[in-house]
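K.L.:
Each chain, letter by letter, is given below.
There are 2 protein chains.
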Amino acid sequence: MVLPVCDSEQRLVGIITADDIFEIISEEIYEDYALMQGVVPSEKSYLETSFMTLAKKRIIWLLFLMLSATVTGGIIERYESILSTAVALTVFIPMLMDSGGNSGSQSSTLIIQSLALDELDFSDCLRVVWKEFRVGLLVGMILALVNILRMILFTDTSLLVMMTVSVTLLITIVLAKLVGGILPLLAKKLKQDPAVMAGPLVTTIVNACALLIYFKVAQILIGL
Amino acid sequence: MVLPVCDSEQRLVGIITADDIFEIISEEIYEDYALMQGVVPSEKSYLETSFMTLAKKRIIWLLFLMLSATVTGGIIERYESILSTAVALTVFIPMLMDSGGNSGSQSSTLIIQSLALDELDFSDCLRVVWKEFRVGLLVGMILALVNILRMILFTDTSLLVMMTVSVTLLITIVLAKLVGGILPLLAKKLKQDPAVMAGPLVTTIVNACALLIYFKVAQILIGL
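In order, the protein sequence lines correspond to chains A and B.
Each residue of the first sequence is one higher than the one before, starting from 0 at the first, in numbering that gives the first Met the number 0.
Each residue of the second sequence is one higher than the one before, starting from 0 at the first, in numbering that gives the first Met the number 0.
Since the hints were made in silico from the structure, they are not lab data.
One thing to keep in mind: the hints can contain errors.
When chains are identical, the list treats them as one kind, so a pair holds in a single copy or across two.
Capping the alpha-carbon separation at 35 Å, the derived lysine-lysine pairs in DSBU-like fashion look like this [to be verified]:
(1) LYS190 with LYS55
(2) LYS188 with LYS43
(3) LYS55 with LYS187
(4) LYS43 with LYS55
(5) LYS187 with LYS56
(6) LYS215 with LYS56
(7) LYS215 with LYS55
All values derive from a computational prediction rather than experimental measurement.
Just chain A, with the same shape it has in the complex (with noise of 0.2 Å):
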């Protein structure tokens, strides 16, 4: 397949040949990626590409994210009394924050997905709430249940904690999949790319919520 390209007066001044086609979609997708992982694309191949070239590409997202996670930082910082006080709380803190952002990355990474293939519209917005807050709920009862058996067995963590942990859970996986499914449409609708915009969002809001509704609960069930 070669299709002509003609100026005004329908003269050929070039052709398009399958592989340009080919090679154009399969760079959108990959840059479409790239920039979710922080990544800036580039044009030239990873051994073509100096050092100093691939630092720059990738310090901009890493400083952001570092400075973002200032915000969790923070929240530890204000709750410090109840971890100093319940040190066995610090334990489930990577868990939780791990959960909730790869939760959150699977629904976001769906949508995106969706959105660039044309198969989703911010019009869709309400159902993609109430699928995702369905799978949400599913997917968080079935960790929290495994983590409960997996606490009992081979831990020695108090009643009251697994119940923190287990509620914090919960919580923070339906959250992380509503957030990972309304954000890229959101970012849709104000013109913004999806992926650049939805990508580390996502984890960042998840982390701060899922450390905020960690602390809330200790206070309200352990009451510290």
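Got chain A; can you put chain B on it based on the hints?
P.N.:
The following block gives chain B in isolation, referenced to the frame of chain A:
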């Protein structure tokens, strides 16, 4: 462009259109990235897929990642005494784990992409290591410096904690870049799909290493 498909006696049994080829290319790439984000790829569109199916496609990786977070939890538990004497250290755990995880997935994304485009091979291993090492060193130093400034200006972190955090950040970033660079190449060498093996594994390995380095450096510098 239409390609004929013939049987062994050269009779036409079907055709392959350009559309078929485009679809296969973009689906293959999307599949890779869905797997990297821990989602089992689907043939159907998002809205056509039931919430039960979506949940099923996501639960396996979430369970795997949650259980692998047992490792980070275990490391924190083992060094609980350090955290109870220096609760301030807890504040930086999410930042260190996130920065490490992100640095690692930036590298693995790029390497997986280069492998898919056949721009890289296992034989380029040493070149990748050398490039990622320098990128990590440069990026890590910039991040550490910006973070020191931030800590001095906006927090009242003690000098020893600042040093612990900075040294850990630098080592973690370099390590994350190396792990993110090597793991996909190793997966390819072992004839595994780099996207499946490298994505979630990089984060898990880097997170665990970040914590171990943090506590080791704290023991040496703060002398706990």
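K.L.:
Going through the earlier hints one by one, which of them does the structure break, listed in rising order?
P.N.:
Structure breaks no hint.
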